[in-house]
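Those sequence lines, one after another, are chains A and B.
In terms of this note's numbering, the first sequence opens at residue 1 and continues consecutively.
In terms of this note's numbering, the second sequence opens at residue 1 and continues consecutively.
No lab work stands behind these hints, which were simulated from the structure alone.
One thing to keep in mind: the hints can contain errors.
Below, in silico cross-link-like pairs of lysine-lysine (BS3-like), each with a Cα-Cα straight-line distance of 30 Å or less [claimed, not checked]:
#  : chain 1 : residue 1 : chain 2 : residue 2
1  : A       : Lys-82    : A       : Lys-21
2  : B       : Lys-224   : B       : Lys-214
3  : B       : Lys-127   : B       : Lys-92
4  : B       : Lys-2     : A       : Lys-21
5  : B       : Lys-152   : B       : Lys-30
6  : B       : Lys-88    : B       : Lys-319
7  : B       : Lys-289   : B       : Lys-205
8  : B       : Lys-64    : B       : Lys-205
9  : B       : Lys-127   : A       : Lys-82
10 : A       : Lys-26    : B       : Lys-214
11 : B       : Lys-65    : A       : Lys-21
12 : A       : Lys-69    : A       : Lys-82
13 : B       : Lys-225   : B       : Lys-214
14 : A       : Lys-69    : B       : Lys-289
15 : B       : Lys-214   : A       : Lys-69
16 : B       : Lys-88    : B       : Lys-152
17 : B       : Lys-64    : B       : Lys-30
18 : A       : Lys-85    : B       : Lys-127
19 : B       : Lys-30    : B       : Lys-214
20 : B       : Lys-127   : B       : Lys-2
21 : B       : Lys-65    : B       : Lys-205
22 : B       : Lys-289   : B       : Lys-2
23 : A       : Lys-90    : A       : Lys-21
24 : B       : Lys-152   : B       : Lys-2
25 : B       : Lys-2     : A       : Lys-69
26 : B       : Lys-88    : A       : Lys-26
27 : B       : Lys-289   : B       : Lys-319
28 : B       : Lys-30    : B       : Lys-289
29 : B       : Lys-312   : B       : Lys-289
30 : B       : Lys-205   : B       : Lys-319
31 : B       : Lys-127   : A       : Lys-26
32 : B       : Lys-225   : A       : Lys-90
33 : B       : Lys-2     : B       : Lys-30
34 : A       : Lys-90    : A       : Lys-69
35 : A       : Lys-21    : B       : Lys-64
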Amino acid sequence: MSNQSIQERVIQIISNQLGRKMEDIKLESSFTGDLDADSLDLVELVMAFENEFSAEIGEDGIPEEDSEKLRTVQDVIHYVEKRMKDRSAKG
Amino acid sequence: MKRVVVTGIGLVTTLGSDIETFFSSLLAGKSGIRRITRFDPSDYPCQVGAELNDFNPEDWMESKKAIRNDRYTQFAIAAALQAVAHAKLDVKQMNPFRIGVVIGSGIGGMETIETQSRRLIELGPRKVSPFTIPSLIVNMASGIVAIELGAKGPNFAIVSACATASHSIGESLRILRTGDADVMIAGGSEAAITRLGYAGFCSMKAMSTGFNDKPEAASRPFDKKRDGFVMGEGAATLVLETLDHALARGAQPLCELLAYSASCDAYHITSPDPQGAGLAHCLQDVLNKANIAASAVGYINAHGTSTEYNDKFETLAIKTVFGSHAPRLKISSTKSMTGHLLGAAGAIEAAAVVKVLQTGRIPPTINQEEPDESCDLDYVPNHAQTQPVEYAISNNLGFGGQNACILMRRYTP
Chain A
1 MSNQSIQERV IQIISNQLGR KMEDIKLESS FTGDLDADSL DLVELVMAFE
51 NEFSAEIGED GIPEEDSEKL RTVQDVIHYV EKRMKDRSAK G
Chain B
1 MKRVVVTGIG LVTTLGSDIE TFFSSLLAGK SGIRRITRFD PSDYPCQVGA
51 ELNDFNPEDW MESKKAIRND RYTQFAIAAA LQAVAHAKLD VKQMNPFRIG
101 VVIGSGIGGM ETIETQSRRL IELGPRKVSP FTIPSLIVNM ASGIVAIELG
151 AKGPNFAIVS ACATASHSIG ESLRILRTGD ADVMIAGGSE AAITRLGYAG
201 FCSMKAMSTG FNDKPEAASR PFDKKRDGFV MGEGAATLVL ETLDHALARG
251 AQPLCELLAY SASCDAYHIT SPDPQGAGLA HCLQDVLNKA NIAASAVGYI
301 NAHGTSTEYN DKFETLAIKT VFGSHAPRLK ISSTKSMTGH LLGAAGAIEA
351 AAVVKVLQTG RIPPTINQEE PDESCDLDYV PNHAQTQPVE YAISNNLGFG
401 GQNACILMRR YTP
């Protein structure tokens, strides 16, 4: 799976969950600062990422200590990529 | 005692989502009841209802807000924003602590309960949405409407099943009379056309089952062939205001809210008192409070659910209180057309009563084919009638034995 498609999928999810246009969501956009997400939105966003990327990161999902560090769009993309790499290294 | 008036009406119903369209549909005797499409009803004894299929929450709120709220709250927002616009009320020009909101619901976020319960069972507790609780709680409609409007006055929800909205309007009247607010946005909202909602009401044998092939004929209050209620969904809210406040800001009162009474049958969880004593008490009580004779009342918008017991005992209660005047009363059940909106019923029916008082046009009870000897009053069968009305009453009764009546008067300065 290419980086481009992970990025697109992440942005699509954020757009759906936060009701933002795709073009308004930048890589450096922060969820709480730029995209107006509150604490409940963040929980649901993480669930949506877990659901979307269950094949890439596994069914165990995103542990809380990891999800707390996901502050920007870029953070999420990097995180998914890293988890994929870790899994293929183990595999 | 402070005079309280209605200055705005907002609603979303299958018969129209503005008061004029809604009332013309009622006068035309239109039914909003169709075969259920929100889920496959094939396995259900009742397969008909009044569904708001063309409701688009994004007409009323940003998509993010729409996603975060249950359907019942979406309806409430749409109804409240319309009511405020109809009343030409500029909340920003008011002291926000003087405007309150009481919008109840019989059930609340039924769809959320179902969806999230399924997620819990199928996917586990970590997959339950963080919006589950805020979406399903019954007080959230009042809370969200306050956020939308910036209304910081008294705010809560009243829950009394099918009497919810009548209690909400009545308790709002009290709040205005005590001086705790100048304006109250009051009403009810319901979105219980879901698999669980239908399964539950069907199991109680409360819903119509004999008219699945003829949905428009299913809600037939007072008719001999009635066989249960038909559910509807939607919301209505009224802007209630002290007369002084309304006049001071140049608002046009639509009618006056005179009296309210609440009681309980203390008899059975779902069956009404066979003597109709609880309702009779409320009817007598509103007359006493307004200090008017029974003969002054021209119209009653009945609870009229189309169930065997309600229609019979409601008729009995009306006869008990109105005596020789009972046969002269115009009585209609608009539920014959709208279906039964449970916690929103009292508000859409109060809206209809406002229009009756304003226009002297009385909506019919449709599907009157065969009279029932125990329901022998004038239910305005099948066709609207014209008769000026000065005083009118709206009845609503809830499971739990909870009764509420509100008495309204045509506005006279």
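Going down the list of hints, with the structure as the test:
no.	hint	verdict
1	Lys-82(A) <-> Lys-21(A)	holds, 27 Å
2	Lys-224(B) <-> Lys-214(B)	holds, 17 Å
3	Lys-127(B) <-> Lys-92(B)	violated, 40 Å
4	Lys-2(B) <-> Lys-21(A)	violated, 50 Å
5	Lys-152(B) <-> Lys-30(B)	violated, 39 Å
6	Lys-88(B) <-> Lys-319(B)	violated, 40 Å
7	Lys-289(B) <-> Lys-205(B)	violated, 37 Å
8	Lys-64(B) <-> Lys-205(B)	violated, 38 Å
9	Lys-127(B) <-> Lys-82(A)	holds, 23 Å
10	Lys-26(A) <-> Lys-214(B)	violated, 54 Å
11	Lys-65(B) <-> Lys-21(A)	holds, 15 Å
12	Lys-69(A) <-> Lys-82(A)	holds, 14 Å
13	Lys-225(B) <-> Lys-214(B)	holds, 13 Å
14	Lys-69(A) <-> Lys-289(B)	violated, 63 Å
15	Lys-214(B) <-> Lys-69(A)	violated, 58 Å
16	Lys-88(B) <-> Lys-152(B)	holds, 19 Å
17	Lys-64(B) <-> Lys-30(B)	violated, 35 Å
18	Lys-85(A) <-> Lys-127(B)	holds, 25 Å
19	Lys-30(B) <-> Lys-214(B)	holds, 14 Å
20	Lys-127(B) <-> Lys-2(B)	violated, 52 Å
21	Lys-65(B) <-> Lys-205(B)	violated, 36 Å
22	Lys-289(B) <-> Lys-2(B)	holds, 13 Å
23	Lys-90(A) <-> Lys-21(A)	violated, 37 Å
24	Lys-152(B) <-> Lys-2(B)	holds, 22 Å
25	Lys-2(B) <-> Lys-69(A)	violated, 57 Å
26	Lys-88(B) <-> Lys-26(A)	violated, 40 Å
27	Lys-289(B) <-> Lys-319(B)	holds, 19 Å
28	Lys-30(B) <-> Lys-289(B)	violated, 35 Å
29	Lys-312(B) <-> Lys-289(B)	holds, 26 Å
30	Lys-205(B) <-> Lys-319(B)	holds, 27 Å
31	Lys-127(B) <-> Lys-26(A)	holds, 27 Å
32	Lys-225(B) <-> Lys-90(A)	violated, 71 Å
33	Lys-2(B) <-> Lys-30(B)	violated, 38 Å
34	Lys-90(A) <-> Lys-69(A)	holds, 23 Å
35	Lys-21(A) <-> Lys-64(B)	holds, 11 Å
In this structure, the earlier hints numbered 3, 4, 5, 6, 7, 8, 10, 14, 15, 17, 20, 21, 23, 25, 26, 28, 32 and 33 are contradicted, and the remaining ones agree with it.
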